[in-house]
Amino acid sequence: MLVNRKLILAHFWLAFAVFGIALTLGAWQMFIRSPIGTWLSNPELYYRSLTAHGTVMGYVFPTLVAMGFGYAISEAALRQRLVGVRWAWAGFWLIVAGSIMAVIPIALGRASVLYTFYPPLIGNVFYYLGVVLVVVGSWIWVALMSVNLSVWRKANPGAPVPLAMFANVAGSYLWAWTAVGAALELLLQIIPVAAGLKTTIDAGLARVFFSWTLHAIVYFWLMPTYIAYYTIVPRAIGGRVYSDSMARIAFILFLVVAMPIGMHHTFADPQVGAGFKFIHSAFTALVALPTLLTVFTICASVEIAARLRGGRGMFGWIGALPWDNPMMLALAFSFVMLGFGGAGGLINMSYQLDASIHNTQWITGHFHLIFGGAIVIMYFAIAYDLWPHLTGRELIDLRLIRIQLWLWFVGMIVTTFPWHWVGILGMPRRMAYFDFGDPAIAPQALSVTLSAIGGFVLLVSGIMFIVILARGMRAPQADTGPYQFALAVHQPATVPVALNTHGLWVALMIVLTLTNYGYPIVTLALSEGTSVPAVYVGAQ
Amino acid sequence: MSTEEAHGSAEVAARVERRWATIAVIIIVMMALLAAFAGIHRATMPQPRVEIIDPSRLHLSGEFVESNLGSVLEANGNVTVRAIGQQYSFTPSCIVVPNDTPITLRATSADVVHGILVQGTNVNTMLVPGYISEQPMRFAKTGDYLMPCQEFCAFGHEGMWGKVKVIDKTDFADRAKGGGRLSCVGE
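In order, the protein sequence lines correspond to chains A and B.
Heads up: the first sequence runs through residues 771 to 1310, numbered per our numbering.
Heads up: the second sequence runs through residues -13 to 173, numbered per our numbering.
Quick caveat, the hints were computed from the structure, so don't treat them as lab data.
Worth double-checking, as some hints may not be accurate.
Said to hold, decoys possible - Computed footprint of chain A on chain B, listed as stretches where at least three residues anywhere in the stretch have a Cβ under 8 Å from a Cβ of chain A:
(1) 11 to 23
(2) 43 to 55
(3) 128 to 142
(4) 163 to 169
Unchecked claim - Just a few of them, taken from the derived set where beta-carbon distance is under 8 Å, the chain A residues facing chain B:
(5) R1010
(6) S1013
(7) F1048
(8) I1049
(9) H1128
(10) N1129
(11) T1130
(12) Y1203
(13) A1210
For glycine and all other residues, C-beta sits at the position ideal for the given N, C-alpha and C.
Next comes chain A alone, as it looks inside the complex (with noise of 0.2 Å):
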């Protein structure tokens, strides 16, 4: 049952009115860059509105999303009241404070740095620490979850944690520890320079801080959407969950092995030798493992659904999934775009492949499919599945969103595809406007505009999901029983300590995350010389 509703629906509303913001501005950038917006470019307008669009998608969106989700599982999984609900919502205050915090020197053309900051390049101080104020936001939320199972585990010595709730922290405490990094970065390297207080900085060692955060954090989002594959889509369609421990080990191994493989972020980039490049390489190759088992795991799961609806047969079986279910239908859509994503960014991580497309438009391409796309298209299925126990009332406008799905996916692939291959052709990425002019670059002037057309159909599909959860709020008022999790197949009566407890792995993804980091951070804090002066970003 959810007693703190208002709690959730605030996280879930503020989510998608910033997501709505900055759908609306990414739409805005499309065009203005193709050959059909071009008498609008101005540069510095565009990487104003670049910095907010990634700020919002990056740090702000998907952070509320998860702790807004994950304060619904704490209650619904736990069947238990949230415990510290008044931190909960300084979390969220902090939240507010801080998003206004940095999108005002945003506004003003003061932080035009884009979300990954770039140093030597500094932009107004206000900006990061409007950054920081959403991190401890979101930390308080981590300490929540922490909190409310081990509340629960007293209450319940020994019972096996709820798949959805054992996720969730995993996924909390993913996201506590890939945040040191840029966390690391901003207090003891950039922030003191914006301040004011010193006037160089070690761009290459704030590099390395940033990409201890910038991989995991995609993990990070990507953690509600794989609790939803395992824990709502299989209830939501009729079927079981192939298998609790299975989801476990996933889990399990995001948590290990998505933090200590960043630095394959900084392949082309020469304060980072070749050794570490290549640990981190191969360790970006086996995250593709709790993946590749999710894959396994959700298609068998969805396969109970259907042979339980009389599908027969070797494939047969496809076609007597329900696939006019709106999660049906997300699940699919995510499927597909993480499967070309997936492919994407095996290239990127091959420590030799990634030199063909190194900060091209090809990566830009690839993490849209990967976040906008599998990732986000599942956001919309929790709210849709979430919103009639949070607002006592049902969505009856199950064609609407179809609609509102089916065009986010064709979207994505419009928009993202031409970006793959324009990124083959070598396009760099962050530019904000092309000389379709140039005979060299004339070609790509169609993929750009194809592009552009995503963009929009992207921006209709938004528009769309935001109006049938506004007139969710004012339908007919029905009862909505109490939120339910998917059950397994074989519902675990025990459960090994180690697939039902996350110290043990917590401490793996510290000392591993220190092996892989350690060296090369402390080699290059020792070094002299590195520092070179900061370059304040509209200081005329």
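For this one, chain A is given, so just place chain B on it according to the hints.
Frame of chain A, contents of chain B only:
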């Protein structure tokens, strides 16, 4: 479902899972081995050495003073290209190199983070102030290639496009006879 049946299906599930997990692990080990093989056997790997340099003194002394930038034919027939990136251009803005010759690009940044990418090739490296980037290159065909900055370097980033002009080996040798550093700026 009787307990016995449930037990049997649990075993089937465990067996199928194990099989799938094994396949997944094999795929990943294969990928890592391929990368190791390509790295060791074909020597395709990122820059192994870390070299530092003070960006505020580039113009005063050392390898990256202005008179030393551009392409130079080494005694062993190889070519070395030295370049700097700064907001919002490369120096030299047009790099001239011979075809079918091993080339070493040595580059750094004078201010913020930049990147060098040569379109239509796998030449792609970051320029981080304070560090020297080294990148091997080799061009099979003559022709002009665009060389944009691939990393956001503030408001003029989109205008930072250099050029690589690959000319015939013998032409290059002719030009190099006079000594000095070659570029194709203004051509």
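Against the structure, the hints:
1. Only residues whose beta carbon comes within less than 8 Å of a beta carbon in chain A count, and the segment 11 to 23 of chain B has 7; three or more means the coverage holds.
2. For the segment 43 to 55 of chain B, the assignment as covered by chain A is violated, since 0 residues bring a beta-carbon within under 8 Å of that chain's beta-carbons and 3 are needed.
3. Check on the segment 128 to 142 of chain B: 11 of its residues sit with their Cβ under 8 Å from a Cβ of chain A, so the three-residue criterion for coverage holds.
4. Coverage of the segment 163 to 169 of chain B by chain A is violated [criterion: at least 3 residues with CB-CB distance below 8 Å; count 0].
5. At about 11 Å, the closest approach between the beta carbon of R1010(A) and any beta carbon in chain B exceeds 8 Å, and the interface hint on this residue is violated.
6. Because the beta carbon of S1013(A) sits about 6 Å from the nearest beta carbon in chain B, less than 8 Å, this interface hint is met.
7. Hint status for F1048(A): holds, given a least beta-carbon distance of 7 Å to chain B, under 8 Å.
8. Hint status for I1049(A): violated, given a least beta-carbon distance of 10 Å to chain B, over 8 Å.
9. Against a cut-off of 8 Å between C-beta atoms, the interface hint on H1128(A) holds, since the closest Cβ of chain B lies about 5 Å away.
10. The interface hint given for N1129(A) holds, since its Cβ lies 4 Å from the closest Cβ of chain B, which is under the 8 Å cut-off.
11. With 8 Å as the threshold, the beta carbon of T1130(A) comes within range of chain B, its nearest partner Cβ sitting at about 7 Å, so the hint holds.
12. Using the Cβ-Cβ criterion of 8 Å, the hint placing Y1203(A) at the interface with chain B is satisfied: the shortest such distance is roughly 6 Å.
13. A hinted interface residue such as A1210(A) counts as satisfied when its beta carbon comes closer than 8 Å to some beta carbon of chain B; here the least separation is about 5 Å, so the hint holds.
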